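> Spelled out, the chains give:
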Amino acid sequence: MSHRLSGIAAQLYDGIKHAPILSPHGHCDAAWFASDQAFVDPAQLLVMPDHYVFRMLYSQGVPLEKLGLGGGDYDPRAVFQCFADHWHLFLGTPSRVWIEYVLYQTLGVDPLTPETAQQVYDQIAAKLATPAFRPRALYKRFGIEALATTDGALDDLADHRTSAAANWGGRIIPTFRPDALLDPTDKNFARNIEKLAQISGEDTGSFAGYLAGLRNRRAFFIKMGATATDHAIEVLHTEWVPKSEREALFQRVKAAPTPADCARFYGHMLIEMAQMSLEDGLVMQLHAGSRRNTNATILDRFGRDMGADMPVATDWVRGLEPLLSRVGNDPRLTLILFTLDEATYARELAPMAGHWPCLRLGPPWWFHDSAAGIARYFDSVVETAGYYNLAGFNDDTRAFMSIPARHDLWRRGVAAHLALMVNKRFFGIRDAEVLADQLTIGLARKTYRLEP
Amino acid sequence: MSHRLSGIAAQLYDGIKHAPILSPHGHCDAAWFASDQAFVDPAQLLVMPDHYVFRMLYSQGVPLEKLGLGGGDYDPRAVFQCFADHWHLFLGTPSRVWIEYVLYQTLGVDPLTPETAQQVYDQIAAKLATPAFRPRALYKRFGIEALATTDGALDDLADHRTSAAANWGGRIIPTFRPDALLDPTDKNFARNIEKLAQISGEDTGSFAGYLAGLRNRRAFFIKMGATATDHAIEVLHTEWVPKSEREALFQRVKAAPTPADCARFYGHMLIEMAQMSLEDGLVMQLHAGSRRNTNATILDRFGRDMGADMPVATDWVRGLEPLLSRVGNDPRLTLILFTLDEATYARELAPMAGHWPCLRLGPPWWFHDSAAGIARYFDSVVETAGYYNLAGFNDDTRAFMSIPARHDLWRRGVAAHLALMVNKRFFGIRDAEVLADQLTIGLARKTYRLEP
Amino acid sequence: MSHRLSGIAAQLYDGIKHAPILSPHGHCDAAWFASDQAFVDPAQLLVMPDHYVFRMLYSQGVPLEKLGLGGGDYDPRAVFQCFADHWHLFLGTPSRVWIEYVLYQTLGVDPLTPETAQQVYDQIAAKLATPAFRPRALYKRFGIEALATTDGALDDLADHRTSAAANWGGRIIPTFRPDALLDPTDKNFARNIEKLAQISGEDTGSFAGYLAGLRNRRAFFIKMGATATDHAIEVLHTEWVPKSEREALFQRVKAAPTPADCARFYGHMLIEMAQMSLEDGLVMQLHAGSRRNTNATILDRFGRDMGADMPVATDWVRGLEPLLSRVGNDPRLTLILFTLDEATYARELAPMAGHWPCLRLGPPWWFHDSAAGIARYFDSVVETAGYYNLAGFNDDTRAFMSIPARHDLWRRGVAAHLALMVNKRFFGIRDAEVLADQLTIGLARKTYRLEP
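Residue numbers (the working numbering), protein chains in the order written: chain A, 920 to 1371; chain B, 920 to 1371; chain C, 920 to 1371.
Hints are computed from structural coordinates only; laboratory data are not their basis.
All figures in this text were calculated on a predicted structure; none of them were measured in a lab.
Among the clues, some could well be false.
Remember, identical chains collapse to one label, so a pair may be satisfied in a single copy or spanning two.
Keeping only pairs whose Cα atoms sit at most 20 Å apart, straight-line, the calculated SDA-like set for lysine to any residue is [to be verified]:
id, residue 1, residue 2
1, 1343, 921
2, 1162, 1138
3, 1142, 1168
4, 1343, 923
5, 1046, 995
6, 1343, 1019
7, 1343, 922
8, 1365, 981
Only chain A is shown next, with the shape it has when bound in the complex:
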């Protein structure tokens, strides 16, 4: 980067680095804010819940048991030492960038090396024992203006209620994630629909009652502060099943569905969800293209979300056509798309977002939420979708401590991208400053309907 270019980037970054943080999509636990208890230990803070971290260690031959995973007792000092011993594996990864930010900016500890691991452990543990490092205090110190969790549709949201009742000044809101009620391949699908009946008071034995039950839960989530739903699907498929077939299909998928039945049903229900969004205003999020649990051995021993989910190619154009052809022209709908297939950025997603009024593009997701990933994202989407069809940033993390680090990486990426554009004379510094602000927080507030 030339002097001129890095000068512009620095100027733009200075203007946004202290902006408030909005976290409209992620996987933090509302219980942290309900109870406000201290984090347990450095291993549980930085290593054990972070699938980016333990997947890398596992890929280099470290058994997951050595990282305290799989249940049972663990020695947090030994876990932390193991992590430090393999710290060089993370060179070049966003995980290293994030964790360095947490260690040196947020926690203010000494440089981490295999030799200093126990000393750094002690320093972190000492911090965690202070009131300043409790969840609510950190929330305020981080400058968060709202934080959305992701919650099963049957969740009673008790922790959200407790947190809100404590009136501590934070805004912790739920997100409606109904997949376990929509996707017949979920092994508890039929049981979940029975639970829906109990919780909603609707007779979910019929398709109409099932829809009523879902409406009931959406209304409850809205009452608890939700502004959005979230869906995940491996192979994107939407389909509007004719009315005459729905009841029979519903009964089949509860009993003995074929794979084709399952795909049709879930594909239909995504459209039903979009239609409910027209009525109740919940922003819809769609995460497509992650093949879950590809390592059966790890799944059996350690459960889900252990680093073995893998991206696959996604056909957004054909996959979403039935949904869009029903609801895509309706200005009441906002549908945010997240992909793991970067080949679709310029080929499909930017052209689609540059046409359909309902569509917004989510930020780089998961493996692509990195410096180069962010650069590729801007490079590929902006020229066709512009900036105003983007959904801004969300950190999508369950690692609460890393939230400022992740937003900081994004903000640096925004500044670097906009500086390039100014240097190429696409626009001047004034426009760049407005866009920097939009990409930092403005677009996320508007897209997720979370204006303060």
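Starting from the structure of chain A, add chains B and C where the hints point.
Frame of chain A; chains B and C shown alone:
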């Protein structure tokens, strides 16, 4: 970009910025040059015919009716004001770069803002009323040496004839686009084949007569100056249907074809077209991977080409293998490929163009005809295909006024790319200057057989 | 590149440019080192064996016969002149960079132009006649510490034996390539299995005897120095066929297999090969996604490997899942993946390598082994896979003279990438120096089990 790098780029750009313009593929209307009437108003000049413009506005909630589309009366001042009010949406897009060039370089008007919209409107309208802004005058001022339109195979090319007869000094040539006669999914397919009989005098009731009719039309286009054909296909498929099956297949696709019949027939006809090119020398163009009219609501209300065509993934290697295995080694054939799937640049297209004598790669097409798109194109294709398997540039536009702007964006991209290569010591400035000239006009002249 | 950036790159390159060369995968001929005869002539040295070279010439209309290919007599001076006459076609390609290195650094001849071709020919011929340009002398001058060839499983490895017996100081090792015994679509498949019986002494009439024969050959290759196997597959498919079906499937694929049988059998055998690697420690290499011999005319006239192999899209996640679910968690296995589909770098390969203990990513392969290809590779894989899940570099060439040129291009790419990372503050210069050394030779030694 460092000083050294931008210095080389500037030197290369200086050498090509005033080169003549060759426009060997595009969608201008020959009638403009036949009648040489003034453009109607600023809205019809810049907003209403440009699907890049109205698709972006539509994606942000502007109804197409507000842009004067859909037929009926419209208020050009209101349309232009609406466009100006949303001018910020185009930040970062090539549309903004092109339109700024048109406004400030070609038309020489004041900066466009929501506040200045009416004043700018007046300035444009005043220009359009002068003889210097009539089509023929602009053609000369733009330094165009030839401009190809795209014309249905049944077109009588009356406007081309009128323009040529006027002997005004411009070279407006047709391009043979026979898809409506080849693709059985065209809803007028059978009727078109009857028209072909009337126009060509051949009995198109038989497959042999149908081929003769097509040959007749190709000869007519050649007589009118055509040097190329053009084809579009969503899912690339070519197939050499055995002789014994052709007549029956031809009869079936005219009557009640299955989707498989349609794909086979069109796939076979692409090979027939390539074979006719061996005889008559027409350069063949193939645009693959655009899924047309994905928004049924817009199609019903506003018709085709309203911004809802979306790119899909394309398999060039398998899709083209049957065609290439019949004619690909014949030095008489030139076949230019255009893709909307950038993942195929390095994976398929560059390796194919670096082997088959007939193949040339078209420039970045449609959504990829942008600064970053051009950079990705060079980055992905040159190392395997070299420069001499590229077809040079074509603007592919129906926005006549923007032609210099589009060629200028390409020329800047050429200079930026070649400067990078010089900086990486791939070659020196002398070679770069030769390549700059080739990419600006030499390769296009040669590939399209349009040497002056 | 700014001054600072090019300064860091130069510093890193200086530290690795003279490092030893390890060539753990390639297609040199062991006979060269067994006989140590001089290379025949400049045409056979630089033009005729290099499919990168003759495919480009062919793509621009040069008949392969003019390049001395297709058997029979040829005039080496005419071939070399033809190559020089078209030297400009290679501007921007790695072939030109490699050959310039060979001409000017390795051979030290005058600049090549159409006019100087015969003089350069004489200069090269004179060099080749000297002892310093015999294979063994070049091996030592190039600083090669080991060089692996690729050999059919039925090969007697006589040349390797001769080379080793000569005790000349070089390490020429074979690689076990059994595809002709595993892939039923090989037209000599059944005959090869009979030969396996003769060579191994096992009764390959049964599936169990066939497996024993393969084990026997693996043991022989290991005795001859092999540390790795190699497999190529067009459409990646692995499948664990139930025990009860294997014998019947084996008998069918020897007699009259269906395409589905062939895919199942080869897919199963890839897993058997991985399981044998658990026992005998051979590193497994998998090259997927090359569609072979797409030009039937060229295949009939000139045979295989004539520049008409084309990359196709590859589904690594689903294709490899059955293999990985059986052996992927076993720390004894090393499986190196090579792709021609760059879209899978960030989407599939980096996430997979960042999880599975057995996986390592091969360097950019074939068409992607170029300056921009190397940059894209690092840009796409490092952030998710880190550096330590990469397999380092291998040149994969049959052009022995170009080996230093190819390693040099890679080392420049490594330095350029790491300088970018230092400039973006991912890590400091000390870490970059360690990584440069790893990427140059450390990772290749470790991955291929070729520590000196």
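> Using 20 Å as the alpha carbon limit, work out where residue 1142 and residue 1168 are close: within a copy, between copies, both or neither.
Answer is neither: 31 Å inside a copy and 61 Å across each miss the 20 Å cutoff.
> Between copies, within a copy, both or neither: which fits residue 1365 and residue 981 at Cα up to 20 Å?
Classified as between; 17 Å across copies, 44 Å inside a copy.
> Is it within, between, both, or neither for residue 1343 and residue 923, if the alpha carbons may be no more than 20 Å apart?
both (12 Å within a copy, 16 Å between copies)
> When Cα atoms must be at most 20 Å apart, do residue 1046 and residue 995 count as within-copy, between-copy, both, or neither?
within (16 Å within a copy, 66 Å between copies)
> Between the shortest in-copy and the shortest cross-copy C-alpha distance, which are at most 20 Å for residue 1162 and residue 1138: within, between, both, or neither?
Close neither inside one copy (24 Å) nor across copies (54 Å); limit 20 Å.
> Check residue 1343 against residue 1019 for me: Cα-Cα at most 20 Å, and say if that holds within a copy, between copies, both or neither.
Answer is between; shortest inter-copy Cα gap is 14 Å, intra-copy 32 Å.
> Evaluate residue 1343 and residue 922 at a C-alpha cut-off of 20 Å and name the case that applies: within, between, both or neither.
both (14 Å within a copy, 14 Å between copies)
> Within, between, both or neither: how does the pair residue 1343, residue 921 come out at a Cα-Cα threshold of 20 Å?
Both. Shortest intra-copy (13 Å) and inter-copy (12 Å) distances satisfy the 20 Å Cα cut-off.
In this structure, the hints that do not hold are numbers 2 and 3, in rising order.
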